[in-house]
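Trainee: All chains, full assembly: derive it from the sequences and hints.
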Amino acid sequence: MLLIRCPYCEEERPELEFRNAGEAHIARSANMAGESDDDFEKFFFIRSNPKGIIYERWRHMHGCARFFNAVRDTVTDKFVMTYKAGEPKPAKLPGVAK
Amino acid sequence: MAKAAAKKTAAAASPSVDRRPALAGRTTTATGVKVEVLPPAERISLRAPEASVAALSKALGLTLPKKPKTSASKGGRTALWLGPDEWLVIDEGGNDPLADCATVAALHSAVGISHRNIAISVTGPAAEAAINSGCPQDLSLDAFPAGAASRTILGKAEIVLLRTSNDAFRVECWRSFSDYVFTFLSEGARDAAG
Amino acid sequence: MSGAFRIPRAGRLSQAKTARFSFDGQSYTGIEGDTLASALLANGVHLVGRSFKYHRPRGFLSAGAEEPNALVQIVRDDARKTPNVRATVQELYDGLAANSQNRWPSLSFDVGAVNDLASPLFSAGFYYKTFMWPKAAWKSLYEPKIREAAGLGVSPDKPDPDHYSSRYAHCDVLVLGGGAAGLAAALAAAETGVRVILADEQAEFGGSLRFETGAKIDGQDGFVWAQAAIAKLTAMDNVRVLSRTTAFGYYAQNFVGLVERVSDHLKAPGHELPRERLWQVRAKRVVLASGAIERHMVFANNDRPGIMLAGAARTFLNHYGVAVGRNVGVYTANDSAYAAAIDLKKAGVNIAAIVDLRDNPTGPVIDEARALGIEINFGRAVIRAGGKLRVSSMTVQPKNGGGERTISVDAILMSAGWTPSVHLFSQSRGKVAFNDETKRFVPGTYAQDCVSVGACNGTDGLSATVDEAYAAGAMAAKDSGAKTAKGTKPKVDASESWSRGMLGAAPGAGPDTTVKAFVDFQNDVTAKDIRQAVHEGMRSIEHVKRFTTNGMATDQGKTSNMHGLAIAAETLGKPIPEVGLTTFRAPYTPVTFGAIVSHARGPLFDPTRKTAIHPWAEAQGAVFEDVGQWKRAWYFPRAGEDMHAAVDRECVAVRKTAGLFDASTLGKIEVVGPDAAKFMELLYTNPWEKLEPGRCRYGIMLREDGFIYDDGVVGRLAPDRFHVTTTTGGAPRVMNHMEDYLQTEFPHLNVWLTSITEQWAVIAVQGPKSRDIIAPLVEGIDMSDEALPHMSVREGKICGVPTRLFRMSFTGERGFEVNVPADYGQAVWEALWAEGQKHGATAYGTETMHVLRAEKGYIIVGQDTDGTVTPNDAGLDWAVGKKKTDFVGIRGMARPDLVAKGRKQLVGLKTKDPKVVLEEGAQIVEDPKQAIPMKMIGHVTSSYWSQNCGRSIALALVAGGRDRMGDTLYVPMPNGVIEVEVTGMVFFDETGGRLNG
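Protein chains in written order, with this note's numbering: chain S, 1 to 98; chain V, 1 to 194; chain U, 1 to 997.
Please note: incorrect hints may appear among the correct ones.
[Claimed, not checked] What the simulated footprint calls covered on chain V by chain S, stretch by stretch (three residues with Cβ under 8 Å from a Cβ of chain S suffice, anywhere in the stretch; the number is not a length):
{"hint": "1", "stretch": "73-85"}
{"hint": "2", "stretch": "147-158"}
[Stated by the list, open to error] With a cut-off of at most 27 Å between alpha-carbon atoms, the simulated DSS-like pairs for lysine-lysine come out as follows:
{"hint": "3", "chain 1": "U", "residue 1": "K431", "chain 2": "S", "residue 2": "K78"}
{"hint": "4", "chain 1": "U", "residue 1": "K489", "chain 2": "U", "residue 2": "K284"}
{"hint": "5", "chain 1": "U", "residue 1": "K284", "chain 2": "V", "residue 2": "K67"}
{"hint": "6", "chain 1": "U", "residue 1": "K884", "chain 2": "S", "residue 2": "K42"}
{"hint": "7", "chain 1": "S", "residue 1": "K89", "chain 2": "V", "residue 2": "K67"}
{"hint": "8", "chain 1": "V", "residue 1": "K156", "chain 2": "U", "residue 2": "K284"}
{"hint": "9", "chain 1": "S", "residue 1": "K78", "chain 2": "U", "residue 2": "K478"}
{"hint": "10", "chain 1": "U", "residue 1": "K388", "chain 2": "U", "residue 2": "K345"}
{"hint": "11", "chain 1": "U", "residue 1": "K882", "chain 2": "U", "residue 2": "K690"}
[To be verified] One-sided and incomplete, this derived list gives chain S residues near chain U with beta-carbon spacing under 10 Å:
{"hint": "12", "residue": "E12"}
{"hint": "13", "residue": "P14"}
{"hint": "14", "residue": "A21"}
{"hint": "15", "residue": "S29"}
{"hint": "16", "residue": "M32"}
{"hint": "17", "residue": "D37"}
{"hint": "18", "residue": "F40"}
{"hint": "19", "residue": "R66"}
{"hint": "20", "residue": "F67"}
{"hint": "21", "residue": "A85"}
Hints in this document: simulated from the structure, not taken from any laboratory.
Every residue gets a Cβ at the ideal spot worked out from N, C-alpha and C, and that includes glycine.
Mentor: What follows is the structure in structure tokens.
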């Protein structure tokens with residue numbers, strides 16, 4: 001069971017309290033109804049599924065109930081960092097060479 | 001804000017029917033730990049932005065805590081920090097926090113949940129171990145001191161946990177989970193005693 | 001006397017405390033503190049099992065958890081028959097009853113032993129090669145026969161009456177292993193005041209100090225020091241000491257699973273004790289002090305009962321006071337076996353000879369053995385053991401060939417050296433490194449915050465071990481936040497020291513193809529099997545392992561892995577590191593399902609959710625159905641009624657007078673804030689801004705892809721407050737869906753969501769008499785049609801308690817849903833029931849609710865929809881706000897495929913024969929005479945007998961359904977084709993007049 005740092009609770013908490021919520025930083029269009037078929041396809045169906053660093057949404061479901069973002073390495077399964085929902089992708093990742 | 005609902009859900013003057021709380025009177029006693037269902041209390045789920053906290057604190061008569069995993073208590077009323085804009089307010093003194101919030105003009109949401117939750121107390125030197133039978137959080141006094149509060153997990157149910165003193169906890173859960181939670185805590189208590 | 005092989009004054013057990021036990025029905029006497037193994041050996045019993053594949057007689061190889069052979073069934077009673085218990089681990093209690101396994105009719109005469117004679121048939125890869133052809137024979141013949149023959153022990157056929165518990169624990173320093181290294185590390189860490197957990201799989205701490213008589217620490221015998229150390233640690237508040245506790249799995253971020261065997265060693269464990277306790281420990285630092293495991297020598301017939309590891313024989317002697325034989329041979333490539341020979345000799349046991357594969361080793365133990373007059377043969381090999389049910393001789397030959405000599409023995413002690421136990425380290429994803437000098441895999445690159453100390457780290461010698469462990473314990477404490485240490489390091493006054501040993505097959509292991517020189521005892525893998533695997537093309541050790549099954553038994557190759565690897569490497573002509581080491585996986589030793597399941601059985605398997613009104617329904621004899629975790633009243637049978645009769649009666653009664661229904665399980669969410677309506681606009685297809693406070697609307701929620709996700713009636717209580725209802729099963733996910741959009745897509749909205757599902761008990765009162773039943777109990781609400789029209793909501797009181805009273809209908813009748821605070825639910829129900837009795841009302845359950853709504857064509861999300869149904873498909877276009885510019889699903893709904901012609905649409909179906917009730921899920925075709933596979937154009941989603949309509953009714957998803965009104969379609973079933981007519985979805989009261997009836 002992983003420990004996940006909740007950026008709102010400001011501490012690491014057991015994975016059982018959390019739920020994954022898919023890939024992060026996929027913005028919903030402000031003009032949803034006007035999206036083209038291609039743009040909607042990209043928005044709704046296409047996910048990056050990288051080997052390595054992935055940006056994910058998690059929810060501290062059974063804790064503070066907040067959604068937040070996480071950077072995780074799909075190879076090591078390790079969380080690199082977490083940050084609050086709405087914050088931009090971190091420019092620098094601690095301990096990750098770019 | 002929220003007046004329409006608040007004034008009508010204030011405590012009824014004279015119900016012609018009896019109140020039947022879930023699990024009323026259930027207790028389990030084991031060496032070093034006692035698990036018992038607590039009497040009904042008034043409760044609200046309070047949601048508010050930072051800017052409203054001062055006004056709500058004033059109306060409620062206690063300072064709403066802003067630090068994660070903490071609570072504040074005064075005059076039979078306790079406010080538990082559950083999230084950055086969420087508090088569980090429990091009143092055991094017979095006063096109605098919903099009515100108090102109804103006087104506040106600042107932006108907020110107060111919803112009565114007195115009947116949604118059941119409270120179970122777990123007390124005694126083995127209380128921490130009993131709860132750790134199904135709760136994965138570190139409940140040592142360093143990590144979870146008296147006054148600490150958190151929504152978390154017990155087995156397969158969600159609970160809200162409040163440490164009322166070094167060896168006493170209040171466990172809140174939803175009504176229909178209370179049988180499960182009480183049974184789990186009772187098993188945990190028997191094992192913690194062993 | 002507790003056995004003829006018990007040596008007076010040897011061992012640490014008190015001869016006074018005897019315990020009776022039985023093995024295969026024969027009674028014996030042992031001593032408290034014995035394991036089943038030591039007690040049997042004390043009585044001269046070596047033959048305890050038959051091997052897995054060849055059914056060869058087997059005895060004890062070891063004295064500990066690595067035991068591959070001595071697996072027995074412990075029988076406490078009918079329901080407690082635990083198979084595959086290692087006799088070397090099972091502690092003796094008075095009355096213990098054990099049976100041998102994998103033999104028939106008896107242990108000494110086993111019919112299955114013909115497999116041994118037929119062994120050329122059962123060579124490596126046997127299963128892969130033999131059962132390939134004919135293909136059909138696999139299922140009918142081969143698999144059943146193999147399953148019958150395979151397996152060890154017999155599973156109990158009754159539910160496990162024991163209970164198991166679990167505990168989450170957190171600590172600063174977790175020390176795994178309680179030998180000298182673990183104790184030193186634990187002391188160092190504990191003295192700093194940090195939280196320490198120390199676990200050891202044995203009943204007593206001390207590890208190899210249990211048999212190493214040459215160890216002295218702090219002026220005391222090593223084992224005595226260990227007991228003092230553990231007493232000191234146990235007395236400390238910051239330390240938890242767990243004996244009989246195996247660390248079975250090392251997971252991410254220092255999360256370690258331990259199983260504590262709480263009562264398997266007790267004669268009559270009280271029911272208050274769990275059998276086992278699962279500890280899930282999160283540690284800041286882990287100290288691995290898991291020791292080393294001795295390897296056997298690989299030579300012909302090295303599995304005969306009486307042949308065992310030298311260290312095991314020493315443990316049996318020095319701890320349990322048991323001699324493993326009277327005339328013992330020793331075969332070694334390593335000094336440690338000399339210590340065993342010396343101890344036995346001093347205890348009065350004859351040592352027939354020591355056979356040492358090494359050419360001219362020197363050292364104090366060799367000198368001491370020689371001084372004791374023991375015959376020592378250097379540069380020689382034991383090429384085979386004689387005897388069958390018990391070893392009777394060893395045949396010795398110079399290792400490079402020459403004359404044979406056979407020596408009579410009744411036991412052989414062997415040691416090829418010691419393998420560091422890197423299992424937990426490997427599980428932690430650490431990478432092992434091969435030390436070419438010592439021929440050992442030792443911890444190399446660490447992946448987690450842990451450190452290995454002592455024998456598991458390849459550290460030789462007690463002094464170096466204690467130094468290393470004490471320093472590591474202190475460092476682990478410091479790293480986890482300790483301020484200062486104030487203890488003193490234990491001082492090692494004397495210790496034993498051993499040289500290296502060997503890997504792989506000894507000269508007696510072939511190449512003779514009929515020779516059985518075992519590498520893996522539990523899976524009956526020989527040196528020849530491994531060579532054969534390489535000859536047949538296996539290159540990686542992972543392939544060799546799977547082809548031969550070496551190391552794949554429940555002992556996970558604790559004694560066999562290194563030998564297997566060395567033989568494969570030698571055959572391949574490659575250095576060992578290039579062949580690789582197989583990955584160690586959890587569990588280290590087998591873990592019971594009981595411990596894993598722990599509390600989660602019976603009432604704690606899953607929460608069973610009951611409504612406030614449940615006790616009333618139960619008292620009325622309701623039959624319940626499971627809806628998710630909820631128990632819901634399904635129907636209320638009266639005397640003599642079956643389900644059909646009850647449902648027919650309930651259905652008619654609701655439409656004739658009235659019915660009461662417990663709708664408490666419906667999800668309820670209070671949406672509060674100045675932007676509440678804006679939020680509702682975005683989450684539902686319907687328009688909300690203009691909904692007047694006090695009115696309700698049926699809402700549809702979509703996912704972004706345009707498919708129906710949930711539905712429910714929503715009441716607006718105030719401009720800034722909505723009372724939203726969801727489906728019962730959808731409640732949690734709808735709340736999550738709404739929170740997701742609110743927090744991450746629309747965080748600018750000032751609105752909050754609170755689940756009030758359990759705040760309110762909900763009593764649906766439906767039927768022409770519903771208002772008459774409710775009105776007398778209500779205060780402060782005008783119940784007239786003008787003041788409270790269909791689809792409205794009021795707050796007031798009922799029976800003196802607050803209510804949110806909804807005028808709404810899921811039956812098509814005049815109807816109400818009375819929300820009251822949950823603790824009042826049952827009492828208000830009873831009051832309404834009493835009123836209802838005056839009008840002939842019935843209580844009805846979910847089945848009647850389903851029939852009545854189907855009569856009206858009201859859909860149930862999840863039954864009539866399946867996640868691929870749009871509002872248009874469901875005939876609910878009217879609920880989509882046409883002027884809205886945004887809501888979740890608005891774009892998805894417009895995708896080309898979702899607006900294409902010919903989509904499946906919800907329609908009604910009437911069977912041509914009104915008595916025939918279709919099966920839900922049945923497929924629909926246009927032409928029943930077409931060839932199979934037929935083209936299926938839809939399926940039945942809901943189907944019931946409707947007593948109110950006097951016929952069967954059904955809803956179905958049919959391609960282009962709404963253009964097929966009046967068409968005849970066909971439902972092919974096993975008993976014939978059913979003709980149906982496509983109709984509208986409303987079967988009863990098409991004009992809807994009864995809503996105000």
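Trainee: Against this structure, judge whether each hint is valid.
Mentor: Comparing the hints with the structure gives:
1. With 3 residues bearing a CB less than 8 Å from a CB of chain S, the stretch 73-85 of chain V meets the requirement of three and the coverage assertion stands.
2. Under the rule that three or more residues need a Cβ within less than 8 Å of chain S, the assignment of the stretch 147-158 of chain V holds, with 5 such residues.
3. Between K431/U and K78/S, the direct Cα distance comes to roughly 17 Å. Compliance with the 27 Å bound is thereby established for this hinted pair.
4. Between K489/U and K284/U, the direct Cα distance comes to roughly 23 Å. Compliance with the 27 Å bound is thereby established for this hinted pair.
5. A distance of roughly 24 Å separates the Cα atoms of K284/U and K67/V; the hinted pair therefore holds under the 27 Å criterion.
6. With a C-alpha separation of about 24 Å, the suggested pair K884/U and K42/S falls inside the 27 Å cut-off, and the hint holds.
7. A distance of roughly 26 Å separates the Cα atoms of K89/S and K67/V; the hinted pair therefore holds under the 27 Å criterion.
8. At roughly 26 Å between alpha-carbon atoms, K156/V and K284/U fall within 27 Å of each other, so this suggested pair holds.
9. Proximity of K78/S to K478/U is assessed by CA-CA distance (about 25 Å); at most 27 Å being required, the pair is judged to hold.
10. Of the pairs offered as hints, the one joining K388/U and K345/U holds, with about 26 Å between alpha carbons and a cut-off of 27 Å not exceeded.
11. With a C-alpha separation of about 14 Å, the suggested pair K882/U and K690/U falls inside the 27 Å cut-off, and the hint holds.
12. Here the hint on E12/S is kept, as its CB sits about 8 Å from the closest CB of chain U, short of 10 Å.
13. The restraint placing P14/S at the interface with chain U holds, with a minimum CB-CB distance near 8 Å, inside the 10 Å limit.
14. A least Cβ separation of about 7 Å between A21/S and chain U falls short of the 10 Å threshold, and the interface hint therefore holds.
15. Hint status for S29/S relative to chain U: holds, with the closest Cβ pair at about 8 Å, below 10 Å.
16. Satisfaction of the interface hint for M32/S is found here, the shortest Cβ-Cβ separation to chain U being roughly 5 Å, below the 10 Å cut-off.
17. Given hint, D37/S at the interface with chain U, holds; its Cβ is 7 Å from that chain's nearest Cβ, closer than 10 Å.
18. The closest approach between the C-beta of F40/S and any C-beta of chain U is roughly 5 Å, which is under the 10 Å cut-off, so the hint is satisfied.
19. Evaluation of the R66/S hint against chain U yields a held restraint, the C-beta minimum of about 7 Å falling below 10 Å.
20. For F67/S, the interface hint holds, since its Cβ comes within 10 Å of a Cβ in chain U; the closest pair sits about 5 Å apart.
21. Interface hint at A85/S: satisfied, since its Cβ lies 5 Å from the closest Cβ of chain U, which is below the 10 Å cut-off.
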